[in-house]
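Colleague: Chain residues, written in single-letter form:
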Amino acid sequence: MARTPADLVGAQPDPPFEITFDGRSVTALPGQTVAAALWGAGILAWRTTREGGRPRGAFCGIGQCYDCLATVNGEPNRRACLVPARPGDAITTQEGHGHDRLAV
Amino acid sequence: MPTRKPSDVIVVGAGVVGAACAYYAAQAGLSVTVVDRGSVAGGTTGAGEGNLLVSDKEPGPELELALLANTLWRELADVLPPHVEYEAKGGLVVASGESGMRALRDFAARQEKAGVTTQEVPGDRLHDLEPHLAPGLAGGFLYPQDSQVMPAHAAAQLLHAAGDRVRLRLGEEVTGILTGAAGEIRGVRTAAGELHAPYVVNAAGTWGGALAELAGVHLPVLPRRGFVLVTEPLPRVVRHKVYAADYVADVASGSAALQTSAVVEGTPAGPVLIGASRERVGFDRTLSIEVLRRLAAGATGLFPVLGTVRAMRTYPGFRPYLPDHLPAIGPDPRVHGLLHACGHEGAGIGLAPVTGQIIARCLTSGELPLDIDPFRPDRFTAPEPAPAPGSDPAP
Numbered sequence: 001m002a003r004t005p006a007d008l009v010g011a012q013p014d015p016p017f018e019i020t021f022d023g024r025s026v027t028a029l030p031g032q033t034v035a036a037a038l039w040g041a042g043i044l045a046w047r048t049t050r051e052g053g054r055p056r057g058a059f060c061g062i063g064q065c066y067d068c069l070a071t072v073n074g075e076p077n078r079r080a081c082l083v084p085a086r087p088g089d090a091i092t093t094q095e096g097h098g099h100d101r102l103a104v
Numbered sequence: 001m002p003t004r005k006p007s008d009v010i011v012v013g014a015g016v017v018g019a020a021c022a023y024y025a026a027q028a029g030l031s032v033t034v035v036d037r038g039s040v041a042g043g044t045t046g047a048g049e050g051n052l053l054v055s056d057k058e059p060g061p062e063l064e065l066a067l068l069a070n071t072l073w074r075e076l077a078d079v080l081p082p083h084v085e086y087e088a089k090g091g092l093v094v095a096s097g098e099s100g101m102r103a104l105r106d107f108a109a110r111q112e113k114a115g116v117t118t119q120e121v122p123g124d125r126l127h128d129l130e131p132h133l134a135p136g137l138a139g140g141f142l143y144p145q146d147s148q149v150m151p152a153h154a155a156a157q158l159l160h161a162a163g164d165r166v167r168l169r170l171g172e173e174v175t176g177i178l179t180g181a182a183g184e185i186r187g188v189r190t191a192a193g194e195l196h197a198p199y200v201v202n203a204a205g206t207w208g209g210a211l212a213e214l215a216g217v218h219l220p221v222l223p224r225r226g227f228v229l230v231t232e233p234l235p236r237v238v239r240h241k242v243y244a245a246d247y248v249a250d251v252a253s254g255s256a257a258l259q260t261s262a263v264v265e266g267t268p269a270g271p272v273l274i275g276a277s278r279e280r281v282g283f284d285r286t287l288s289i290e291v292l293r294r295l296a297a298g299a300t301g302l303f304p305v306l307g308t309v310r311a312m313r314t315y316p317g318f319r320p321y322l323p324d325h326l327p328a329i330g331p332d333p334r335v336h337g338l339l340h341a342c343g344h345e346g347a348g349i350g351l352a353p354v355t356g357q358i359i360a361r362c363l364t365s366g367e368l369p370l371d372i373d374p375f376r377p378d379r380f381t382a383p384e385p386a387p388a389p390g391s392d393p394a395p
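Going line by line, the protein sequences match chains A and B.
Under the UniProt record's numbering, the first residue of the first sequence is numbered 1, with each subsequent residue one higher.
Under the UniProt record's numbering, the first residue of the second sequence is numbered 1, with each subsequent residue one higher.
If we strip away everything but chain B, and leave its shape as in the complex, we get:
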């Protein structure tokens, strides 16, 4: 078996989180091998809308991450080429009635205390911001910090900008984790051979649970499916990321049933992206007409003009969901040398830079930008193993 020059760290996953881990680790002087069974941005990253949001997050550890990431994305926008399509466009959350407006006001007040910039927009000023919005909405809140990138380009350009310290191995599936006598990480086994490094970062996104299992640890990452509906290319008809107030409740929900809320945004390339649906149906990629019907109805409800244009295509993606809606970031105390950077649910594009920065600081014993205890990877209790067939049931 060919031996290859070992790296300082192996990152499993070439989505935006893996790319950010590689970028910040390389910036810190480490040599990195990024390995992915598919292509760059071939999983959830490529199926995302590229939202960098603070508006949808309650005060707490995830919002702290999002605020740090917001600053890092602004720095990255100066480093990465323009075709990552970074746009600090701002988010606009709208409410249809007064009760919804009161809920938004309360939510925004709590976010303000946590460092989020918000601005109340009365119903009669909404059309100054979004001329095509439906009439009769009660009002909304503007979140100037909300931004957007083109996620697949962002992942690819992060890897490119990481430079010579990063080696990329695509189309190579990790089939095992190599450990030493004391159980410490020595690298990974792939279909093509062995790759050696004293650290392995699990950036396998929705498939991070399976990678954790290869390392013998429990990390219950589950897929939460969402569809994006894509219109034909249009001029700028939607200026901000615009979404209905019930989106925040859907994001925070743990329900397995189908939830949809209207989320609409334009892109520099022209198409308008329409979301958002959430349902827990495993890795089922079957097209759901019911979801598309609800997405289209929600979008045309907010922007009637979209009823006059065509939807060109749709695609599903699988958000990597952990039961408490927080990602797993940092060293795994159960396996020396194993770190996790996965489970970001629908916020992975936004949270990628801060995740990469934390991982790089963990690898270099640097100062962490925040307390990462809420994200510790061993916080979930493994289910009791099922009794072996034929064994006695518990007394």
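So here's chain A without its partners, still in its complex pose:
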């Protein structure tokens, strides 16, 4: 069985909890970012680009590149690589700028 980063550092995290991604249940550990939890569940893309609708997920992973934007609890443009996952968080795929409802 593959070793995980948690094994390598001997981490003893508190009990895991559930968040959702587009309605599907994802398990997260305390201290994980939204991006880490999604990656842990094998999810690599949670946004589509404004031009062309291409998939995007975490790129730099350190809050600099803004590629990993996601809609978290209804709020678009959150950097998934920086936002800590909280029990019950609802992550949804962000389409484009995430502000379609404001269009006139």
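A hint or two may mislead.
If the Cβ cut is set under 7 Å, some of the chain A residues that face chain B in the computed set are [what the hints assert, rightly or not]: (1) Glu95; (2) His97; (3) Val104.
Between beta-carbon pairs, the in silico distance windows are [to be verified]: (4) Gly52(A) <-> Asp284(B): 34 to 44 Å; (5) Ala103(A) <-> His160(B): 31 to 41 Å; (6) Gly31(A) <-> Asp78(B): 52 to 62 Å; (7) His83(B) <-> Val104(A): 22 to 32 Å; (8) Arg50(A) <-> Leu170(B): 27 to 37 Å; (9) Pro81(B) <-> Pro13(A): 51 to 61 Å; (10) Met312(B) <-> Leu44(A): 19 to 29 Å; (11) Ala134(B) <-> Leu8(A): 22 to 32 Å; (12) Ala134(B) <-> Gly10(A): 26 to 36 Å; (13) Thr308(B) <-> Gly52(A): 44 to 54 Å.
These are calculated hints, taken from the structure and not from any lab test.
Keep in mind the model is a prediction, meaning the values are calculated, not measured.
Built from N, CA and C at the ideal position, the CB exists for glycine as well.
Take the given structure of chain A and dock chain B to it, following the hints.
Modeller: Frame of chain A, contents of chain B only:
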């Protein structure tokens, strides 16, 4: 020192005005060298919103320029590629109360006589035009001729469209003006050598006064700072250029103190641009939280929905301001071969094509599209030189 093939004309400045001068001069068959110490659109052009406005101009020489430029931009929109983002979106000026509405009505009536198209919009019809506008405004005026471009792309694409007759020298600062025995222009000296041409066009924008000084003439271009606040990308939430009625008074004011008025517009790329501030603080680029606070408050006052989105960045720019708010366009009678195309204050993007056309016609003895006497570059009196240290004070 290497000698280079001379051009017919050297344009100093690769902002939108310099680019338009190069474009129209090349169209007229002239060979042009454009030289800039920085990059294309690296100065005020790149810090602008790209407004092509007639709505904010009183009847007079600047409005005449703006109306001519409006037609030229429409022609250029067919020639330049779509990513210059030309949009004939129209301007909407709104008033909060009845007294403001009366002032707008009077202003619009005078503009109509000068050839501007205006349309009064009663308060209860404003939301047909701009659904997100704040409730309770008294009304406004729609100016269908107002338009917008993406200014940096516009400058770059004008230079590109000018074709092979234009040579571009970037990152090369002009350090001197070369003149002949009779004082006539022979070219410019730069850090990299000499460039030769019988004509030099000063399109150095806010730095045009310094270039004039190199040529030994007085042209008091001063910087008037403004900040633009930029939101995150949004769908179209603002359809027109929308601004509060007090903007017109701020534009025309000569005050050095900070003035802000709410100016809001969307862009094809998504971000909403928020202005406008004016203050005379030299070339100080320090971020001013007070200005940003006032810009944000003004914008959310007009469009409360903007209070729910993020501002992503801000940048300052320096409008090239001349004391009478008119640009300097045309030949300088004090130095044969020197022409000026600078000092357009906040209207340089809009007025660029007509400025370029005038400069090209001056260079080719063509017919001018209007009387350029109000823009003559020698209209400002040079201040008395300060007494030399140690000299006797005046009796």
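Colleague: Just pull the numbers of the violated hints for me, sorted ascending.
Modeller: 1, 11, 12 and 13
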